[in-house]
Amino acid sequence: DQQVKQNSPSLSVQEGRISILNCDYTNSMFDYFLWYKKYPAEGPTFLISISSIKDKNEDGRFTVFLNKSAKHLSLHIVPSQPGDSAVYFCAASGAAGNKLTFGGGTRVLVKP
Amino acid sequence: GAGVSQSPSNKVTEKGKDVELRCDPISGHTALYWYRQSLGQGLEFLIYFQGNSAPDKSGLPSDRFSAERTGGSVSTLTIQRTQQEDSAVYLCASSWGGSDQPQHFGDGTRLSIL
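Listed in order, the protein sequences are those of chains A and R. Straight run, no breaks: the first sequence in our numbering ends on number 112. Straight run, no breaks: the second sequence in our numbering ends on number 1114.
These aren't lab readings, by the way, just hints derived from the structure by calculation. All of these numbers come straight from a predicted model, not from anything done at the bench. Just so it is clear, CB atoms sit at the ideal spot from N, CA and C, and this is done for glycine as well. It is possible that some hints are incorrect.
[Said to hold, decoys possible] Now the in silico label distances, taken between C-beta atoms and shown as ranges: (1) R:S1112 / A:K111: 40 to 46 Å; (2) A:E42 / R:V1012: 17 to 23 Å; (3) A:N67 / R:L1039: 29 to 35 Å; (4) R:R1064 / A:Q81: 27 to 33 Å; (5) R:K1015 / A:P79: 23 to 29 Å; (6) A:I18 / R:S1027: 24 to 30 Å; (7) A:A70 / R:A1002: 23 to 29 Å; (8) A:K68 / R:G1003: 30 to 36 Å; (9) R:K1015 / A:R17: 19 to 25 Å; (10) A:H72 / R:L1114: 31 to 37 Å; (11) R:V1012 / A:K54: 25 to 31 Å; (12) R:R1064 / A:G83: 18 to 24 Å; (13) R:S1066 / A:E42: 39 to 45 Å; (14) A:A41 / R:T1070: 26 to 32 Å.
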């Protein structure tokens, strides 16, 4: 059973517009959530995280929103840039340990 | 460099051989993790070290897989008698430890079993 799901395998957006990536989870024990960006042949790069005690965290162009009641988080990238084209993974960890459980990824293409 | 370093970057070996994959974490990071990404699959957890101890080995797929960490730093993941289904990218990550610390990943070792 997939505890973390990214239901959109791909997303295409125009440069300068907002990219919105979504992630759903089922395990209520998760209390820390992260977003990673991955380019081909490279490891995932940490972007931004949020603790379950918050509902929003912002870092530059990246904002993560957490809706605990809906077990849903989203990543907003604004404005989107061509260099943002990559695969984005959401991940979660919880009281059971520090291991990360990943979603399947969303491939983002930002068109110039 | 300042990031997580993994070696080799690529490894091709014959079925049945043993392989060793190495991870150098970010200096000072107490926690170290191994994950793998098989073709068409997501990232899956293998094992977690805190210092030299491995409190969570729940992701190791079989007893052919083992890992150790020495001096609270370098870790080695060993796969014995490799099988074709072991082909994957093996990723190492490290962090300061604690449940609210982000993990930082290396670029992985791409393992191909012929």
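Hints, verified against the model:
1. Hint check: S1112 (chain R) to K111 (chain A), Cβ distance near 34 Å, so the stated range 40 to 46 Å is violated.
2. Between E42 (chain A) and V1012 (chain R) the beta carbons are some 20 Å apart, a value that agrees with the proposed interval 17 to 23 Å.
3. For N67 (chain A) and L1039 (chain R), the Cβ-Cβ distance of about 33 Å falls inside the hinted range of 29 to 35 Å, so the restraint holds.
4. The hinted range of 27 to 33 Å is not satisfied by R1064 (chain R) and Q81 (chain A), whose Cβ atoms lie roughly 44 Å apart.
5. Range check, K1015 (chain R) to P79 (chain A): Cβ separation about 49 Å, and the 23 to 29 Å hint is violated.
6. Distance hint check: the CB atoms of I18 (chain A) and S1027 (chain R) are about 38 Å apart, inconsistent with the given range 24 to 30 Å.
7. The hint said 23 to 29 Å for the Cβ distance between A70 (chain A) and A1002 (chain R), and at roughly 38 Å that hint is violated.
8. At roughly 32 Å, the beta carbons of K68 (chain A) and G1003 (chain R) sit within the given window of 30 to 36 Å.
9. At about 48 Å, the CB distance of K1015 (chain R) to R17 (chain A) disagrees with the hint of 19 to 25 Å.
10. Between H72 (chain A) and L1114 (chain R) the beta carbons are some 43 Å apart, a value that contradicts the proposed interval 31 to 37 Å.
11. Here the CB-CB span from V1012 (chain R) to K54 (chain A) is close to 45 Å, at odds with the stated 25 to 31 Å.
12. Taking 18 to 24 Å as the suggested C-beta distance range, the pair R1064 (chain R) and G83 (chain A) does not conform, at roughly 40 Å.
13. Roughly 27 Å separates the CB atoms of S1066 (chain R) and E42 (chain A), a value that falls outside the hinted 39 to 45 Å.
14. In this structure the hint that A41 (chain A) and T1070 (chain R) lie 26 to 32 Å apart at CB holds, the actual value being about 29 Å.
Comparing the model with each numbered hint stated earlier shows that hints 1, 4, 5, 6, 7, 9, 10, 11, 12, 13 do not hold.
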